[in-house]
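K.L.:
The primary structure of each chain is shown beneath.
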Amino acid sequence: MKRILGIAAAGLLLAGHANAATLDEVRARGHLQCGINTGLVGFAAPDDKGVWRGFDVDFCRAVAAAVFGDADKVKFTNLTGKTRFTALRSREIDVLSRNTTWTFSRDVDLQLTFIGVNYYDGQGFMIPKKLGIKSAKELSGASVCIQTGTTTELNLSDYFRANKMTYQPVPVETNSEALTNYLAGRCDVYTTDASGLAATRVATDNPEAHVVLPEIISKEPLGPVVRQGDDQWADIVRWTLNALIAAEEHGVSSANVRKLATGTSNPEIARLLGKSELQGRARLGLAPDWVVKIIAQVGNYGEVFGRNLGPDTPLGIARGLNGMWTRGGLMYAPPFR
Amino acid sequence: MTALAIWRQESTRFVALQIGGVLLIFALIAWLLGNVAANFAALDKTFGFGFLWELPANYDINQTLIDYSAQSTHLRAALVGLLNTFLVAAIGIVLATILGFAVGALRLSENWLVSRLASAYVEFTRNTPVLLLILLWHGIIINTLPHPRQALSIADSVFLTNRGVYVPKPLFEVGFLYVLAVFFAGLGATWLLCRRQRDTPARRLSVAVAGVVFSVALAAIAFFLAGNPIRFETPALRGFNYQGGLSLIPELVALTWALAFYTSGFIAENVRAGIMSVDCGQTDAARSLGLPRIRILRLIVLPQAMRVIVPPLTSSYLDLTKNSSLAIAIGYMDLVATLGGITLNQTGREMEAMLLVMAVYLLISLTIAAFMNWYNNRVRLPGR
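If you're matching them up, the sequences are chains W and R in order.
Position 199 (the first sequence) corresponds to 199 in my numbering; numbering is contiguous.
Each position in the second sequence, counted from 1, maps to that position plus 1000 in my numbering.
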């Protein structure tokens, strides 16, 4: 009897929470709960001390810095392609930062809110060099390792059908499972986002033995996701991303942000760093110096990219589409005004 | 003696407690449903199964027992998954039963080595988690069998690779129907002849053997007269993989084998318990009549042991069927991986998909239980 009452009480509590504002919930909890990959070098992977690092992890840290002024007040939930949306919608996590492609169906039908794009990606193929394949058009009849519950799974089916080729899907749950099957020769080809292929390739014993084919068969705009219906929270996450990008555009980095915060002649930087009034900031419920905290602790977009994915890392991914719009890329933040 | 007040009588309290209990259960169910409805409304979600036939599945499945393509509906994808579940459960149950009965009987052997080996088998299979066994066998298959280009071949028609086992696929022509007709006519005649010899088991056996041999011979003659009506499509390496023929993918082999391996340990113990439950006086009496050991087991011990074996055997079968949902760990596309996995993920219909998956498993389990109850009634000794 006691037990039943206990369950009922727990249920009522859950039901009561269903409409609470995410920001209040996060503040009351004392940390941000962020959904990340189960392991993808460069995006979310534990370092030699067991601390999670990566491009997606840094975005979570940036949101924590915006909310708490402390980038370390974040806990991570590792999610597979299949569990991620359920975890977000059931309030298990506050933000999903797990190389997730923005699509119409996910945005509209699954009732998620994509707050922007932090990585422009596309789906590619990786194959052992010794097979001598030069183009994805030569892949007819191949066994293809593919992560289930992803957009790549649907693109793969479309691509082979459009090119009148056949293939054998070998479905896997996680990137590491894909790598195991690929290295054991269970599949000839591994297909996922090109960034994921670069990360997987460097995780093999001999990256030189594998090639990424030139074809990119889809657009994969990756970005952080929040639940639909909490506009204040969506704004916080959206403008955290915009702050990261705007900071790089205006040359604000972790090295100079403290100095610029004490005084600058550039009015946009002054608004960004809370030196002059930014109308509406109070509505977000954040401290005036929230951007300073983000940049000081996490760095700007370029620093985050360079530290996790850039040419100085084993992944060695060039900025390409992810460069600033002023340098021929697609990264473009709306003005802080 | 004064009568107790009505609320102090035990029978009244008993009825009141029952009514109270039922009301509480209903209240809990109503509250749960209300909670679900409220949360659906809060998320602005609707409840319905239209997604099953309104939307194309858009994903491919690597083992399809019926026609299926990425343009098929989610319903058809679920059906493909369900058939894959059935396939694993059916082969698994047969394999587990054969292995289990054999090991259970061997464990009672008087040969020390044989009985110890059987015990070791039972202890190993029963005491390792089934998920580990599935991963272990899958790992063994994909890491030890060769790549298709170095396939192990048997007579250039059966090929073993880490992408699967490829065997020639028989293609039947119309003439094969005559062969089948002749064969089954022969078997039917044999059966009728056997029924006449009901009272003399020894003669019945010889009639049966002769009849079957005769039917096979007749079928062979019909086969040649019809001009060899079976052709075989041999698998051949084309491009990346073997094409043509019949193939068993490693995931199917690993899953079926791991489940049968795991469950056979439990069945072996049930069989042993069943055999030991038969009074040893029965065996002694049969021995004193001069019956050989194998006939004692078959005619005296097993029929009595089945009473004890069948009920736990049912739960072993149910376990095996439900454990087949672990297929997802190695990417075998069963019901959970299709309807409860990719379809759920692409359509966002968690509640509907999960309810359906649960309902289907419930239905499968109840069917198996019903069949086993029927069988249990048949093997039960009358009058006990």
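Keep in mind the hints are simulated off the structure, nothing from the lab.
The model shown is predicted, which means the values in this text are computed figures rather than measured ones.
Beta carbons are placed, not taken as given, at the ideal position from N, Cα and C, and that holds for glycine.
A few of these clues could be false.
[Unchecked claim] Here chain R is said to cover these stretches of chain W; the calculated rule only asks that three of the stretch's residues, wherever they fall, bring their Cβ under 8 Å from a Cβ of chain R:
(1) 79-86
(2) 167-179
(3) 183-191
(4) 194-203
(5) 252-259
[What the hints assert, rightly or not] DEER-style ranges, computed between Cβ atoms:
(6) R:Leu-1055 / W:Met-165: 46 to 54 Å
(7) W:Gly-285 / R:Lys-1322: 29 to 37 Å
(8) R:Asn-1039 / W:Asp-205: 31 to 39 Å
(9) R:Ser-1119 / W:Glu-138: 31 to 39 Å
(10) W:Glu-208 / R:Glu-1233: 50 to 58 Å
(11) R:Val-1174 / W:Glu-138: 22 to 30 Å
(12) W:Asn-163 / R:Gly-1244: 18 to 26 Å
[To be verified] The list that follows gives simulated cross-link-like pairs (lysine to aspartate or glutamate, EDC-like), each with its CA atoms no further than 20 Å apart:
(13) R:Lys-1045 / W:Asp-107
(14) W:Lys-137 / W:Asp-109
(15) R:Lys-1045 / W:Asp-109
K.L.:
Work down the list of hints and note, for each, if the structure agrees.
P.N.:
Status of the hints after comparison with the structure:
A stretch counts as covered by a chain when three or more of its residues have a beta carbon under 8 Å from one of that chain; for the segment 79-86 of chain W and chain R the count is 4, and the coverage holds. Under a criterion of three residues with beta carbons nearer than 8 Å to beta carbons of chain R, the stated coverage of the segment 167-179 of chain W is upheld, 8 such residues being counted. Counting residues of the segment 183-191 of chain W whose beta carbon lies closer than 8 Å to any beta carbon of chain R gives 4, which reaches the threshold of three, so the coverage claim holds. Check result for the segment 194-203 of chain W against chain R: violated, 0 residues qualifying (beta carbon to beta carbon below 8 Å, three or more required).
Here the segment 252-259 of chain W counts 0 residues with a CB under 8 Å from a CB of chain R, which misses the bar of 3, and the coverage is violated. Under the hint 46 to 54 Å, the C-beta atoms of R:Leu-1055 and W:Met-165, about 24 Å apart, miss the expected range. Look at W:Gly-285 against R:Lys-1322: about 48 Å separates their beta carbons, and that is not inside 29 to 37 Å. For the hinted restraint 31 to 39 Å between R:Asn-1039 and W:Asp-205, the CB-CB distance of approximately 48 Å leaves it violated.
About 55 Å separates the C-beta atoms of R:Ser-1119 and W:Glu-138, a value inconsistent with the hinted range of 31 to 39 Å. Between W:Glu-208 and R:Glu-1233 the beta carbon distance is about 40 Å. The supplied range of 50 to 58 Å is therefore violated. Between R:Val-1174 and W:Glu-138, the C-beta spacing of about 41 Å breaks the proposed range 22 to 30 Å. Restraint check, W:Asn-163 to R:Gly-1244: a C-beta distance of roughly 22 Å satisfies the suggested window 18 to 26 Å.
Restraint check: the Cα-Cα separation between R:Lys-1045 and W:Asp-107 comes to about 14 Å, which is no more than 20 Å; the hinted pair holds. Distance check on the hinted pair: W:Lys-137 and W:Asp-109 sit about 33 Å apart at the alpha-carbon level, beyond 20 Å; violated. Taken as a hint, the R:Lys-1045 and W:Asp-109 pair is honoured in the structure, with Cα atoms around 9 Å apart against an allowance of 20 Å.
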